[in-house]
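S.K.: Quick note, the sequences are listed as chains A and B, same order. Number 119 in UniProt numbering belongs to position 119 of the first sequence; there are no gaps in the numbering. Number 112 in UniProt numbering belongs to position 112 of the second sequence; there are no gaps in the numbering.
These aren't lab readings, by the way, just hints derived from the structure by calculation.
On the chain A side, residues computed to face chain B include the following (Cβ under 10 Å):
1) K2
2) R6
3) N8
4) Q9
5) T12
6) M14
7) L15
8) E43
9) E162
10) R176
11) Y178
12) K179
13) E180
14) R182
15) G186
16) I202
A virtual CB, placed ideally from N, CA and C, is assigned to each residue, including glycine.
2 protein chains.
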Amino acid sequence: MKPIFRQNQLFTFMLYCNGQGLEKNILDCGAGGMLPPLALFKEHGYETTGIDISDKAIEHANKFQSEHSIKLNITKGDMKELSFEDNSFNFCYSYNTIFHMSKEDVKKSLEEMKRVLVPGGLMFVNFVSTSDERCGIGEEVRPGEYYEMEHGEKVLHSYFDENEGDELFRQLGLKRIYKEVRKRIGPKLGGGFVTLGYIDYIVEKSL
Amino acid sequence: MKPIFRQNQLFTFMLYCNGQGLEKNILDCGAGGMLPPLALFKEHGYETTGIDISDKAIEHANKFQSEHSIKLNITKGDMKELSFEDNSFNFCYSYNTIFHMSKEDVKKSLEEMKRVLVPGGLMFVNFVSTSDERCGIGEEVRPGEYYEMEHGEKVLHSYFDENEGDELFRQLGLKRIYKEVRKRIGPKLGGGFVTLGYIDYIVEKSL
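Kindly generate the complete structure, drawing on both the sequences and the hints.
M.R.: Below, the structure is given as structure tokens:
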């Protein structure tokens, strides 16, 4: 059965990428998991590269690749220190990943993604927002950064307010070309509803 | 070349539909246009039916169907008076369509969509929201309803505030199971940025 991608926002990103008129090669930072979004780019003619820091996530992605007979080129790596040369990719993204870090590490990772991107290249990143109902629960480590329990483990989450990303990209010299602020209200495991907040960005590395 | 669907939210809807365990048949109200979203459902094994009030939109959809050698079963029709029996479809949706009507007609259309849906069936609908920058421009006909110029024609738009849809569905006896409030900031034709606001709903007709 054909998989249904849950990472909707990456379709929007692909439309912007296709519009840049550059060769189709793309890097995913946080590329692992059971439904690796790189498969979507592969299906649309992209040469794909991915890294993930989690062995488990890479295993899941390997299983997907063998089940669907595709090669996505996903290896172990840390997005805070990418092992690629400057200007290696025309496009890169990090989906539902970067908010599992401190804000300092978020900035470091975005600097790395910028470094490996060609001038004129595009980047997609999404943040969890302060309008997410999980924001403020748990132990506050630094402003907007909380330790929360997830599957019995203590996990760090960084929440961004509606304009914090804009300021961050301005500091990094990346030009914002698209932004979506989203609030999702959906069923919660075990009953009731949960409100999740996200902010998606597409930014360009200037020529 | 494989088309890229722009109607991201319908992937989310499809995930919910697949989870209902019902036979895959679906109705699109406002099904025409250059990239008919029914093609996406067809690709995932759905039996498709669509109606559109615009001859031009149906022509575009016909062109797409012959170019991609698929049959989506789209005919001319008015969503305020659907020509289908009660309980005809397990799923139905109307994407980027319903806000081109008065609020009274929106309600009438939703009643019709509910009528043709089976108990236990799901419906997706999206509204433009009052946080859209176009809201309030143009001649106000009734509260939240404005005439705006679009391609040289006077067009009606109905804007919904964040909770207006919830109240409407409550009145119609449809159970909300998912909602996304979105604000998109993207490039504007001719330069600068435009802010668009949407509210997406997935609701269920009770058993």
